[in-house]
Amino acid sequence: MEILQSDVLQIRQPEDIVLVRTAVRKIAIASKLGLVDQTKLVTAASEIARNTLDYGLGGEVRVDMVRDARTGVRLTFTDEGPGIPDLERAMTDGWTSGKGMGLGLSGTRRLMDEFQIASKVGEGTTVTIAKWSR
Amino acid sequence: MSTVTLSHLLRSQESSLLEAWLAEQRRSGNVRNLIADSDLKRQSAEFIQLLQQTVAEGDSTDYSSSTISREMRRFLDSITGDRAQLGFSPSETATFIFSFKRPLFEAIRTSTNDVTAQIDEVWNSSLLLDRLGLYVTESHQKAREGIILRQQQEMLELSTPVVKLWDGVLALPIIGTLDSSRTQTIMESLLERIVETGSEIAIIDITGVPTVDTLTAQHLLKTVTAARLMGAECIISGIRPQIAQTIVHLGVELGDVVTKASLADAFKIALQRTGFALAKRSSITAVK
Ligand SMILES: Nc1ncnc2c1ncn2[C@@H]1O[C@H](COP(=O)(O)OP(=O)(O)OP(=O)(O)O)[C@@H](O)[C@H]1O
Ligand SMILES: [Mg+2]
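From first to last, the protein sequence lines are chains A and B. The numbers in the first sequence follow the working numbering, run straight up by one, and end at 134. The numbers in the second sequence follow the working numbering, run straight up by one, and end at 288.
Some hints could be false.
[Stated by the list, open to error] Below, computed lysine-lysine pairings styled on BS3-like, alpha-carbon distance capped at 25 Å: (1) B:Lys222 to B:Lys164; (2) B:Lys164 to B:Lys142; (3) A:Lys99 to B:Lys222; (4) B:Lys41 to B:Lys164; (5) A:Lys26 to B:Lys142; (6) B:Lys164 to B:Lys280.
Note that these hints are calculated values from the structure, not bench results.
Bound conformation, chain A alone (with noise of 0.2 Å):
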């Protein structure tokens, strides 16, 4: 796979996901993404974002461009927060620990075409999306 344009984007503040949200949109636009899927990429984004901010205490965002077959956008999320303990529990529809609707995780899965997340107890969570153009 090649990547073919890259950015890192921090994520300290609510600002910042109004920020990321910007940037992802504007790099699905110049991946050919249909308006659909542009949409979900940008509200996957502002989950995960918003994850990385509230419960992993802030981190960074990598947005890439990527070619495989197809053009697509690949985003990497990762902060040095807490971890989650139990990653199944976490990506259940409806389970929160804080006031969320518990659809985060679970609810970025189904919009997107590839989904990995990696977290450790006490160092920290990766999560890695991508949508591909059709």
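Please build the complex by placing chain B with the ligands on the supplied structure of chain A, with the hints as guidance.
Frame of chain A, contents of chain B with the ligands only:
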């Protein structure tokens, strides 16, 4: 070997370098007289110290690729933020770094007779300063984006109008992002107007909301519930097809909330519910 020289140079000639650099900055006129002399002096002195640290901690043969320390980045972000706020352009901001070259190269030249060492030193320090300059340019751009964003948000904060469409029917056209502080304001003004006007129906139009994620949805649902408690039903309008699809995949259920594609459709429903009907004048005449 070369590290020893530059790191040493920055320490031993700190004050003369600072004087020469300040003179250079005043001369190159990039300061625009917007930054107080005392501030400029403090910032320049701090930069020289941080640079000295950076070089000292870096690879001894090739400090040009030394990592830019967290303190250095924080410092550069802060002076850049100030300058962006004052309306400096990115290149004016970066000139702060680049203007250090002349006094530094001058000091390197006089520090040794070995021409090869001079060239090495100039090359290495130039690479390092270029990297710092680029960092400042990027940081400046981010700071500008932050400022624009804040201004946008302030504007949005001001514009959450609740409009009365008809007797008993209110509309709340939302434009922009629904972060929590703003949602609070919107919710409060809607509830106030419901009580004030005794309205039965409130139309929340989200045509102008670019992204509906779980947090936005949660805020919308809370508003609907609170309105219900005040005796008004909400209709959510302006859900574009791509947003509808996304919400469904996300797994958000809007429950028994009435949704309509457009504000016009929502208005029609609202009229029906409050016992009104819209008819073309010709058809009324015909009835007569
Ligand atoms: N980066 C992270 N670091 C630590 N814990 C996390 C992280 N991301 C998610 N979690 C945990 O996983 C849970 C589920 O996350 P998810 O995004 O699905 O729901 P939520 O954020 O609680 O609510 P919603 O996203 O619907 O508003 C969170 O409540 C939190 O406990
Ligand atoms: Mg979440």
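Now for the hints, and whether the structure bears them out:
1. For a cut-off of 25 Å, the pair hint linking Lys222 (chain B) to Lys164 (chain B) stands: about 21 Å separates their Cα positions.
2. Note on Lys164 (chain B) and Lys142 (chain B): the hinted pairing is violated, with a Cα-Cα distance of about 40 Å set against a maximum of 25 Å.
3. Of the pairs offered as hints, the one joining Lys99 (chain A) and Lys222 (chain B) holds, with about 12 Å between alpha carbons and a cut-off of 25 Å not exceeded.
4. This hinted pair does not check out: Lys41 (chain B) and Lys164 (chain B) have alpha carbons roughly 58 Å apart, beyond 25 Å.
5. Restraint check for Lys26 (chain A) and Lys142 (chain B): satisfied, since their Cα atoms lie roughly 16 Å apart, inside the 25 Å limit.
6. For the given pair, Lys164 (chain B) sits about 22 Å from Lys280 (chain B) by alpha-carbon distance, which is consistent with the 25 Å threshold.
Figure legend: structure checked against the earlier numbered hints; hints not met, in rising order: 2, 4.
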